[in-house]
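Engineer: Okay, here's what each chain looks like letter by letter:
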Amino acid sequence: MFSMYVEMIRIRFLMMLAYRVNYYSGIAVYSINIGAYYFLWNAIYGDKVTMGGLTALQMVTYVSISWMARAFYFNNIDQEMAQEVKEGKVAIELIRPYHYLATKIMQAMGEGIFRFLFFSLPGMIIITFIFPIQYPSGFSIWGWYGISLLFSFFINTQINLITGLLTFFFYNNEGIMRAKRVLVDLFSGLILPISLYPEWAQAILNYLPFQAISYLPGMIFTGGIQGEQIFLSLGQQFLWILLLWIPIGMLWWQAKKNLVIQGG
Amino acid sequence: MHYLSLFWYYMKQYFKSRMEYRTDLLNGIFSDLIFQTTNLVFILVVFQHTAFLEGWNKNEILFIYGFFLVPYAVFGTFFNLWNFQEKYIIKGEMDRVLTRPAHNLFQVMLETMDPPSLLGAITGMVIMGYSAFDMGMEIAWYDPFIFLGLVVSAALVYGGVYTGIAAIGFFSDSKTGITPMIWNIQNYGRYPVNIYNKVIKFILTWILPFAFVGVYPASYFLKKEEFAFYLYLTPVIGIVFFFLGITIWNIGVKNYRGAGS
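Chains as they are written, first to last, in this note's numbering: chain A, 13 to 276; chain B, 1263 to 1523.
Simulated from the structure, these hints should not be mistaken for lab results. The structure displayed is predicted, hence computed values, not measured ones. Don't take each hint at face value.
Beta-carbon label-pair distances, calculated as ranges [what the hints assert, rightly or not]:
no.: 1; chain 1: A; residue 1: Thr62; chain 2: B; residue 2: Trp1468; range: 33 to 43 Å
no.: 2; chain 1: A; residue 1: Lys269; chain 2: B; residue 2: Asn1345; range: 30 to 40 Å
no.: 3; chain 1: A; residue 1: Ser15; chain 2: B; residue 2: Tyr1392; range: 53 to 63 Å
no.: 4; chain 1: A; residue 1: Glu211; chain 2: B; residue 2: Asn1345; range: 36 to 46 Å
no.: 5; chain 1: A; residue 1: Glu211; chain 2: B; residue 2: Leu1295; range: 21 to 31 Å
no.: 6; chain 1: A; residue 1: His111; chain 2: B; residue 2: Tyr1271; range: 29 to 39 Å
no.: 7; chain 1: B; residue 1: Glu1282; chain 2: A; residue 2: Ile260; range: 39 to 49 Å
Computed footprint of chain A on chain B; a stretch qualifies when at least three of its residues, placed anywhere within it, have a C-beta under 8 Å from a C-beta of chain A [unchecked claim]:
no.: 8; stretch: 1335 to 1348
no.: 9; stretch: 1457 to 1470
In this text, a Cβ means the ideal position worked out from N, Cα and C, and glycines have one as well.
Next up, chain A with everything else stripped away, as it sits in the complex:
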């Protein structure tokens, strides 16, 4: 049973490996993006020492690590689900002896492992040569960051499952999926650390799962979150992983009842 799912991870990894050349230009694109924010933030800081609890050097580190983390956790499983629903392939998927959603998660993991090894890791190494980046000094910080990054991958994948499942109800939810992509970038703290937002916006964003994707791991890495706060952040992330299963479960339960297959 379990070996079947491991095999799915492996197959997706190999599939990605076949197209690895596409991701080399991705490293360049992400570097260009980080470069834009590098200059922008330096100009914004001017001669200010800290903003939102981060120094200019920490901010550059935050931006770099957040973009390269995005290179890892990002995936398009919602688009794939939408495609399968539109083409009617989902009917075949449903009669196969595995759990559809579990399969999607496994594929996301296969993609994630590939992206980590061939995109995030080399990207981070290249970025280190171009921009000044302050790596965490303590070994334990690396460990906590690793856990936090893994959690952020799961939260992002769960959000993708939700938007993917919405296809069962809307048939065409291309707009929702695209909007989600931009909103996750904004609300997760990838583009702007949450601590820079005005108080009222922070109050709202703190109750949304998005900040657990980028802001919390980024702050752990840069040292913006320290000591006991780290455990609180990890706890918050873990809580979101548990909570997000509730809407996924409900949507899935409804989706199976609602499903209409046209041809196939």
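For this one, chain A is given, so just place chain B on it according to the hints.
Structural biologist: Frame of chain A; chain B shown alone:
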């Protein structure tokens, strides 16, 4: 005249087919709007923490961003060459285009045009209008005409660069992944070039002239004397790069042998 009527027919055809898939249309508009708002949020939040960005205030930065959106919208409406290589070279659509009497680039433009992109110009003008009003900008009677000229010049810069890039597809039938890189460099043009270092400033001015789609033309309205030279250069750069792009395209078409099957 002939080309104009062709344009009109394609336009009608476009809206007929789009009205059948209204949700697709709305989805596209909706996600464009969210993307434009994201950048706006960035600027607004950042200026809560600082009064100046390398000597530019909030209204000036907003104005540049607003201006940046307008030529991009015009360009996006007519030049939708993002998937040119995949659609026309790899799938062989180019062969069909070449058998038609209209100029091949014009034909491709008509087939891929995307009028909803033009709505981005409204977003841009609202942002410009707001910031102009807030800083009490004085507008002369001839300014709208200069604005129009600058927008066209900036759109030509885009058109030239991306036509040239799309033409790479004629020489290579594997994906190059260069377009997303250029697209991300283009976003550097949203902010004043003096925040970047000398190398990037040089690239943005002379090689991939994306400073001419935002800060340089916008400096006319912001009365930034230090960019006066580049401001006057904007139409020249627009025309030169557009011709360069077309030339590369034409060489590409001449070289094109079809991808087979």
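Engineer: So the hint says 29 to 39 Å: do the beta-carbon atoms of His111 (chain A) and Tyr1271 (chain B) match that?
Structural biologist: violated, 51 Å
Engineer: Check the following: the C-beta atoms of Lys269 (chain A) and Asn1345 (chain B) are separated by a distance inside 30 to 40 Å.
Structural biologist: With Cβ atoms ~37 Å apart, the hint holds.
Engineer: Do the Cβ positions of Glu1282 (chain B) and Ile260 (chain A) conform to the proposed distance bound of 39 to 49 Å?
Structural biologist: Distance hint for Glu1282 (chain B), Ile260 (chain A) is violated at roughly 33 Å.
Engineer: Taking the beta carbons of Glu211 (chain A) and Leu1295 (chain B), is their distance inside 21 to 31 Å?
Structural biologist: holds, 26 Å
Engineer: Between Thr62 (chain A) and Trp1468 (chain B), is the Cβ distance one that fits in 33 to 43 Å?
Structural biologist: holds, 37 Å
Engineer: Within the assertion that chain A covers the stretch 1335 to 1348 of chain B, do at least three residues meet a Cβ-to-Cβ distance smaller than 8 Å?
Structural biologist: Since 0 is below three, the answer is violated.
Engineer: Do the Cβ positions of Ser15 (chain A) and Tyr1392 (chain B) conform to the proposed distance bound of 53 to 63 Å?
Structural biologist: Holds, at about 60 Å.
Engineer: Between Glu211 (chain A) and Asn1345 (chain B), does the C-beta distance stay in 36 to 46 Å?
Structural biologist: Roughly 43 Å apart at Cβ, these two residues keep to the hinted range, so it holds.
Engineer: Please check whether the stretch 1457 to 1470 of chain B has three or more residues whose CB lies within less than 8 Å of a CB on chain A.
Structural biologist: holds (count 4)
This entry does not satisfy hints 6, 7, 8, going by the numbered hints stated previously.
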